[in-house]
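Colleague: Quick note, the sequences are listed as chains A, B and C, same order.
For the first sequence, position 89 matches number 89 in the working numbering, and the numbering has no gaps at all.
For the second sequence, position 193 matches number 193 in the working numbering, and the numbering has no gaps at all.
For the third sequence, position 137 matches number 137 in the working numbering, and the numbering has no gaps at all.
Warning: the hint list may mix true and false statements.
To be verified - Listing some non-contacts, in silico: residues in chain B with all C-beta distances to chain C over 10 Å:
1. Leu36
2. Ser53
3. Pro70
4. Ser71
5. Phe110
6. Ile125
7. Ile129
8. Ile135
9. Ile143
10. Ala193
11. His205
12. Tyr235
To be verified - On the chain B side, residues computed to face chain C include the following (Cβ under 8 Å):
13. Pro140
14. Val150
15. Ile151
The hints are simulated quantities; they were obtained by calculation from the structure and are not laboratory data.
In this text the structure is predicted, and so the values were computed from the model without any measurement.
For every residue, glycine included, the Cβ atom is placed at its ideal position computed from N, Cα and C.
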Amino acid sequence: MSILAELSNLRVYFYDSSDKRFIRAVENMSFPIENGKVLGLVGESGCGKTVTALSMMGLLVSEPGIINGKFLFEPKEEDGEYIRSLLQKVKSSDPDEEMGSGDRLNLFYGLKRFISIEENPFTIIKNTERWLRYHDTVMEKIRGKNISMIFQNPLTSLNPFLTIESQIRKTLLRYNESIDKHEITDMILELLRSVRLYNPEAVIKMYPSNLSMGMAQRVIIAIALASNPKLLIADEPTTGLDTTNKYRIIDLLNSIIENKGLSMLLISHNIRLVGEIADSIAVMYAGILVELGDKQEILKIKKSTRHPYTEALIQAIPTDYDLKKGKKLKVIAGRAPNNKMGIKGCPFVNRCFYATGEIKKKCISKTPPLVEVSKGHFIRCYLYFK
Amino acid sequence: MKRFYFEKEKLSSEEFYVPLHKRASVRDVVSIGFGLFVVTYLVIFFLISITNSFIKDPMKVDIQHMFMPPSIEHIFGTDFLGRDIFSRIVKGTEAFFLPGILSIAISTTFGLLFGVISGYYSKTISSIIFYFLNIIDSIPRFILILIVIVIFNPSIYLIMLFVGVTSIPKVSSYIKSKVDTLKKQRFIEACRALGLSERSIIFKHIIWISSRSVLIIRATLGMGETILIETSLSYLGIGVQEPIPSWGNMVAMGKDFFFQGKIWLSTIPALVILITIMGLYLLGDGLNSIFNERVSR
Amino acid sequence: MLRILRLLVREVFYTVLLILGVTALLSLLFRLMPGTISFEKNWLNEYLKLLQRVFTFNFGVSPVSGLNINQVVFPAFKNTFILTFGAILISVTISVPIGIFSAYRSFRGISWPLTMFSYIVSSIPVFFLGYLVIYLFTRYSNFIPIYSATLENKRQLLAYILPILVLGLGNDSVSEFVRIISDELSRVMSTDYVVASKARGESVIRSSVMEGILIPLVTIIFSRIPFLIGGAIIVEYVFNWPGMGRLAFQSALNRDLPVLVVIAFLSVLFVRGGMIIKDIILGFIIPQEM
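The whole structure should be built from the sequences, with the hints applied where relevant.
Modeller: Now the structure itself:
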């Protein structure tokens, strides 16, 4: 089991200038992504999943924002040295901060020099603009070639003014410098076939507005794979599609991962869909990681060791049994909390089935720590805290 | 009938449509502040001018005090006939103020009218209306003004009326596009579903919402245009004529004295024109940016 | 290709329709003038006569001033065209860098003062700017001449510079362009597809923003032509440039309506021609009816 990427203690706050307060988007988020495996990141809308992914890619453009954390990533050999030299150009203000461990480099290295949060007293030192510019130079090497990201709406992710062919060609040319014109067209056609588009000659002449959602999503996936990345981040790739297409795309992704040995971070609110291909699952609520573990552990239908939120999510999936018996569908009562900074305690406490009596006092007073209930399985809940 | 019932309930479709406005950025605040400053002095000058109080006589010729540079006595100095420049500047607002309002009124009312009609009704009506509007639009405004001047020998009011007319096409097409987008919005469907009459839909909602956005820009831009045209015409000698002061003819008269080093005769009115026009445009820009721009994600 | 041709045909057809309408308007105005020397009994005949002249491009002699209209107006039109074309080039060349700069940095550092400065220069009333420029260049150096029919060829070429510069920088063109460019650039930079292309590693500057800004830019460049003609009247007056604007003004002073009407007509052609070119350019950039 080798780890390709590891996110540690990611913390992202946004500053609302009209209300003059910080909004907590992500707090203390950590997870590993193993080589050749799929990690599913699951959570409700607005829980911070997309922000997590965007922060990893350095695509957050909000100002002024706060960001902290460590993102270790093992880049491709040919890029490693160059990225290392870029990181070296910035001296971290923290003498203990490492630039990386082994072959993995910390892509957030030097962040503390631009933006840092002190706890006592609470002060924030930030120079977001310079951080974004510096980070951009580092991430330029990473994006596309090492990590690719695809988004929810495939039609708006494509340039509406260019044909599909021109758009794929741009990407291919970028990563294969000296290529003959005819070879490029062949590569494009081959690429489209590999995502199961069976009339590529027609597709390449089309404009994005001519494509259906399903076709467009396949094109997006094709472009993302064109550069042979090590990690693919898919942010709600199936949410905009109809049901049949949903499973087809997931299936496609599955086969691609198996064939190419890619790693993937699949983000979705649909835990059942994620369960189809994920190897491990991370559950997120209100910006906090509440559970992380193997798929088998988490997705057992019968009651098992789980975080109450995950439990509720699983229970909410309608099963044939429920439908036959005409049972009511289970919902999780209540709403996700307003993400003000400085909320104490577990954010799920108001909606938690188990938060009663004695234990509730603990839930309210302090955010529970992450506990390893079995090998590789972490839960953040006082139920499991001894 | 059901219609009355719902109207009594005053189910306002404004519930659906939240007038989005952006949080004002520093740039907007400065623009609006500066613009308001300009509008204030314009109004003050105009009021002073028509009541003929508080300032020296702008027409009073005083040969002994010709060409005096700015001083405490004469804030902007005196011109080649010894007349006080500051009071002439104040008086000069009369040349464009009311005509400008006339121009704005015409372009807004007719622009709204034609815009709403062509936006709301069929494509044929819309094409016909725009055909006629395009005829007016294709002739450069100044040339049309020259033609009008030759034919009618008009007062500045009539000229500005024409200027207003020439602005109708632009306003109409702006309104039409706004109406087009509004028409498609869900809340109009909701209005129909509730049984509100077509007429009330048009008037209450579409006109109200679309006019809010256009009024601000049109008022400021329109006044700016008016000032520019009036001063240009007066500069050329075919607008307001000597000895009646206009910022334009002051620049024209004063320019000959540049070489003698008496630059303030020409420069001061030019600067006033510059600041006024800029202020008006910035005001329109700032207000537009707050009220009309969709808040971006 | 076929689509472009169809577009072209449609546009030309509409322009012809417009010409019919404009001629009707102009002939109507012509008849309205008190004391016009008019040989026709009623408006319809007047209109038809004017129409005939319009389509044969032969405007005869002005009864007011005795000038042969064709001989006078056509060269003047050519000169104004040069002036306008040059002015557009200058405005665009200056506005595009400022606009891009302004959008990229929002307003830290130098960009805001720079933008403000361009706004200010743009908003100086063009008659004053023109005179100021003349004053500066004649008082302090003799190198760049002001136009005069008696200049030798090489010097004449230099005389082109100043009026084009003034019309390009003044007349509010630069401030309009800068504003549009920077607004549109900011808008495009935050669209989904630009973010998505960034996520694939493409560099933003070269890749997807071009078409996004080109469309509003092209639209506004050609929409400014009527304003430029108006501004040209003043600039030509100040610089004594033998163009249509100066001719229009002189005709106005002489009450020479026929010449004015012909100038109006040619201006309409100029403006509509610009619109047609604009639609063709946009037809190439925008795929189908998006």
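Colleague: Now tell me, hint by hint, if it's right for this structure.
Modeller: Hints, one by one, checked against the model:
| no. | hint | verdict |
| --- | --- | --- |
| 1 | Leu36 | holds (18 Å) |
| 2 | Ser53 | holds (29 Å) |
| 3 | Pro70 | holds (18 Å) |
| 4 | Ser71 | holds (23 Å) |
| 5 | Phe110 | holds (17 Å) |
| 6 | Ile125 | holds (17 Å) |
| 7 | Ile129 | holds (13 Å) |
| 8 | Ile135 | violated (4 Å) |
| 9 | Ile143 | violated (5 Å) |
| 10 | Ala193 | holds (30 Å) |
| 11 | His205 | holds (27 Å) |
| 12 | Tyr235 | violated (5 Å) |
| 13 | Pro140 | holds (4 Å) |
| 14 | Val150 | holds (5 Å) |
| 15 | Ile151 | holds (4 Å) |
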